[in-house]
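Asks: Listed below are the residues making up each chain.
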Amino acid sequence: MFGATLLLAFREIRRHLLRSFLTTLGIIIGVAAVITMVTLGNGVTASIKDQISSLGSNVLIVFPVQGDRGAPRSFKQADVEAVRRQIAGVEDVSGSVSSSATAFHNGQSWRTSVQGVGNDFLRAQSIEVELGRPFSREEESAGKNVCLIGPKIRKAIFVAGSSPLGANIRLNNVSCTVIGVLKERGQGGGPDQDSDNVAMVPLKMAQRRFTGSSDLQYFVIKYDSAYSSTTIQDSLVGLLRERRLLQDTAANDFNIVDTAQVNQALGAATGALTAMVAVIAGISLLVGGIGIMNIMLVSVTERTREIGIRLAIGALAREVQLQFLTEAVVLCCFGGAVGIALAFFLSWGMATVIDVPFIFNPLVNALSFLFSALMGITFGYYPARRASKLDPIDALRHE
Amino acid sequence: MTPASSRDAPLIELEGITKTFGKGEAAFQALRGVDMRIERGDFVAVMGPSGSGKSTTMNILGCLDVPTSGIFRFKGIEVQALDRDQRSLLRRRYLGFVFQGFNLLARTSAVENVELPLLYRGENKSVRHAAAMNALDQVGLAPWADHTPAELSGGQQQRVAIARALVTQPDVLLADEPTGNLDTERSIEIMQLLTRLNGEGITILMVTHEEEMATFAHTIVRFRDGLVEQVERGDRGGTAGGA
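Protein sequences appear in the order of chains A and B.
Under our numbering, the letters of the first sequence match residues 1 to 399, in that order.
Under our numbering, the letters of the second sequence match residues 1001 to 1243, in that order.
Keep in mind the hints are simulated off the structure, nothing from the lab.
Hints are not guaranteed to be accurate.
Derived Cβ-Cβ restraints for the label pairs, each shown as a range [what the hints assert, rightly or not]:
hint	chain 1	residue 1	chain 2	residue 2	range
1	B	1077	A	394	21 to 29 Å
2	A	394	B	1015	24 to 32 Å
3	A	286	B	1049	50 to 58 Å
Where a beta carbon is used, it is the ideal one built from N, C-alpha and C, also for glycine.
Can you build the whole structure from these sequences, using the hints too?
Replies: Encoded structure:
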């Protein structure tokens, strides 16, 4: 009996294929939106977490901001040295400056950025040198014309398969020797910055030849995990306020970013986004559900005679009700399935485009499908009930 | 038919059946005290002008409607006391319906239409199919089993409808103007089919406007103004009840 009812439902839907499709569009869009957003959200979160963890754990980033007294004041190398010497628990600390530049080699040119750093920076940020070596002590202290190039630069200006080590490249008009190639880190590493498209040079060299000042744009600190982030931050704030001669009442004119805090903030932001998407999807599904109810009511009216025939030959009220309810559920499940398929391609395609991992979430997919079925029951109940309440005599007379 | 039967339990017994539609001033009394007995194996033609109460009576006899007052016994069961689902089960078990407008499911093959009542009896697919083919064979339509109603003539559609009514091997076949939409030749074919089925033991109750069709029945019940006006025993003999 149930098998026959199911078969009948499929047949009814097939008879009105276009109508069924249009009716379920609300559900298709709702389901596809939910799954796509959750999948992409997971991908983005995973991607950002990955980047943050690539910055290294137990890392603080310090940069100047506008204070009470106007424009931001840059940090100097002396600040970095003071932090290194005076704050307990600091393992590595290094300033950084960067500037955009064009790299030339063998007639090839490539837009990239130059970042002046020390080996401490590489350690603090867990940046690995895949080929070659990091800076030597002498290269750092003298600010020699050497560079570590990101994998994208290598790909752009070197012949595939050739070793760039020892080659001289030009960054703007500064010639420097390639001593190493950085390991690929993926996107990110800062605003407008591609961590794989960067040429790292000794800090002093960058200040002398590119930025033209002894200012630091920001510095990073890697601290011993035995110390808490708050302890380090408190000492850091005290030291920097003192060094920057801030009055007790003045606000900090610098910011400290803790990657762990960024992680938390990210989680909160993603949560809020997910909640918003859930609300939008909920509205879409509600509208879709009303559409289902509407079309089921139309279907009941259209098929009044059929219902009359079924009742006359002995169908029970609940059998008629089951038939229409099954139809609504099958319709919604059909919408859910199409939505899931759509979401799969959408989220896969969009994940590829925005370059985040595609993480298939079976739970969300299963829940969406179940929810679709539930909508069929919710919104199919009233029309099915109405069908079952029809009077067989009136129904048979219906034209 | 109306006089006291020699048999103890007639198939159908109506006692003082009334039916009122609407309420208050708009109320309309369609039946005003109908008494009737129908024996097993009878072939009854119910006749009368529009509004005479014949259709209302047929609806009550078909367990589709209940009387406002009075007693309707079917196989000794007091139908007026049954609820909707119990009456559905009674129809499913004992009754077959044939309508003027055929009332087949559109875009559904003849054999599937005939299978429909068996679906509600919970028969499995192979049993349903075999029984439906057998019923179609009885009405001479086995070769048209896969045709949809739109592909069949009116007479053929009515024969499919008769097959659908027969497939459950009902005790009673109720036919509401079965020839109303057919030409004379098709009508006579249908009446011959009904006569044959009646000869095989099925009790037939038929509403008709046409005297010519009524002559196929053993008994003619004429209605007027919500009452049975006259009962004629036909000259065809047969198994009609009554004394």
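Asks: None of the hints should be skipped; say for each whether it holds.
Replies: Outcome of the hint check:
1. 1077(B) with 394(A): 21 to 29 Å: holds (25 Å)
2. 394(A) with 1015(B): 24 to 32 Å: For residue 1015(B) against residue 394(A), whose Cβ atoms are near 27 Å apart, the range 24 to 32 Å holds.
3. 286(A) with 1049(B): 50 to 58 Å: holds (55 Å)
Taken one by one, the earlier hints all hold for this structure without exception.
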